[in-house]
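As you go down the protein sequences, you meet chains W and Z in turn.
Using the numbering used here, read the first sequence as starting at 1 and increasing by one per residue.
Using the numbering used here, read the second sequence as starting at 1001 and increasing by one per residue.
Treat the hints as calculated values from the structure; they're not laboratory data.
Here the structure is a predicted model, which means the values were calculated and not measured.
Hints are supplied without guarantee of correctness; some may be wrong.
Label-pair distances were calculated between CB atoms; the ranges are [to be verified]:
1. GLN1042/Z / ARG22/W: 16 to 26 Å
2. ASN59/W / SER1028/Z: 16 to 26 Å
3. SER1028/Z / PRO95/W: 19 to 29 Å
4. ARG51/W / SER1028/Z: 20 to 30 Å
5. ASN77/W / GLN1042/Z: 23 to 33 Å
6. THR1104/Z / ARG22/W: 23 to 33 Å
7. LYS1065/Z / ARG22/W: 37 to 47 Å
8. ASN79/W / GLN1002/Z: 26 to 36 Å
9. GLU98/W / THR1104/Z: 26 to 36 Å
10. GLU1054/Z / PRO62/W: 32 to 42 Å
11. SER7/W / LYS1073/Z: 31 to 41 Å
12. THR110/W / ASN1064/Z: 39 to 49 Å
13. ALA80/W / PRO1075/Z: 49 to 59 Å
Pulled a few chain W residues facing chain Z out of the computed Cβ check, cut under 10 Å [as the list claims (entries may be wrong)]:
14. VAL4
15. TYR50
16. PRO105
Backbone N, C-alpha and C define an ideal beta-carbon position, used for all residues, glycine too.
In case you want the letters, here they are:
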Amino acid sequence: ETGVTQSPTHLIKTRGQQVTLRCSSQSGHNTVSWYQQALGQGPQFIFQYYREEENGRGNFPPRFSGLQFPNYSSELNVNALELDDSALYLCASSPTPEDEQFFGPGTRLTVL
Amino acid sequence: AQRVTQPEKLLSVFKGAPVELKCNYSYSGSPELFWYVQYSRQRLQLLLRHISRESIKGFTADLNKGETSFHLKKPFAQEEDSAMYYCALRNQAGTALIFGKGTTLSVSS
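Isolated chain W (complex conformation) (with noise of 0.2 Å):
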């Protein structure tokens, strides 16, 4: 078991509202990306925060921000959620950028 969890589960939205996704790393992990991974789709990379700051962002727009803690804890912040933000949301954590990236089960968002 890799020791990385994410909550809550599943989450159902409406068109507009605003989201926060939750992520527990693995103790002494002080890397954690986040990812969207759409129905039938490969994870797509938002971002990656190191040591708290923001280390690297894919092609997502401001409404997508992030925040993570120094207790190994981080956070995914949707607002104006859309339609087409529903997927399911992985984070994964590694000591480094460098580092193997161990995955959480994820979070299903559905928005209607």
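Once you've looked at the hints, dock chain Z against the given chain W.
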């Protein structure tokens, strides 16, 4: 552009048959490539990475820079190999993994 292409959505083979899951990439420079696997009801996990040159669960993958490929192979498929397989490339910034769309491998007896 950095891109990973997995041309097959589904690959069905019989137990004991050879398996080859195709992966092609687009990248400038020396790529770092991975295969990830997701078994039913389990999370995504690393199967192998080209720099370690290991054989995991009988699977191997060789980087072919001339053909820009990183195909995953196993000589004799087992039913427990049935899963979703993703090929991935580390981006040039060294931060993100770029995934293909995945191939479902179905092994039947």
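Structure-based check of each hint:
Between GLN1042/Z and ARG22/W the CB atoms are about 21 Å apart, so this pair conforms to the stated range of 16 to 26 Å. ASN59/W and SER1028/Z have their C-beta atoms about 18 Å apart, which keeps the hinted 16 to 26 Å range intact. Judged by the Cβ atoms, the range 19 to 29 Å given for SER1028/Z and PRO95/W holds: they are separated by roughly 27 Å. For the pair ARG51/W and SER1028/Z, the supplied restraint of 20 to 30 Å holds, since their beta-carbon distance comes to about 29 Å.
In this structure the hint that ASN77/W and GLN1042/Z lie 23 to 33 Å apart at CB holds, the actual value being about 27 Å. Look at THR1104/Z against ARG22/W: about 30 Å separates their beta carbons, and that is inside 23 to 33 Å. Between LYS1065/Z and ARG22/W the C-beta distance comes to about 41 Å, which sits within the given range of 37 to 47 Å. The hinted range of 26 to 36 Å is satisfied by ASN79/W and GLN1002/Z, whose Cβ atoms lie roughly 28 Å apart.
Roughly 30 Å separates the CB atoms of GLU98/W and THR1104/Z, a value that falls within the hinted 26 to 36 Å. The hinted window of 32 to 42 Å between GLU1054/Z and PRO62/W holds, with their beta carbons roughly 40 Å apart. Between SER7/W and LYS1073/Z the C-beta distance comes to about 38 Å, which sits within the given range of 31 to 41 Å. The hinted range of 39 to 49 Å is satisfied by THR110/W and ASN1064/Z, whose Cβ atoms lie roughly 41 Å apart.
Checked against the given bound of 49 to 59 Å, the beta carbons of ALA80/W and PRO1075/Z, roughly 51 Å apart, stay inside it. Evaluation of the VAL4/W hint against chain Z yields a held restraint, the C-beta minimum of about 8 Å falling below 10 Å. With a cut of 10 Å, the hint placing TYR50/W at the interface with chain Z holds, because the nearest CB-to-CB distance is about 8 Å. Taking 10 Å as the C-beta cut-off, the interface hint given for PRO105/W holds, the closest approach to chain Z being about 5 Å.
In this structure, none of the earlier numbered hints is contradicted; all agree with it.
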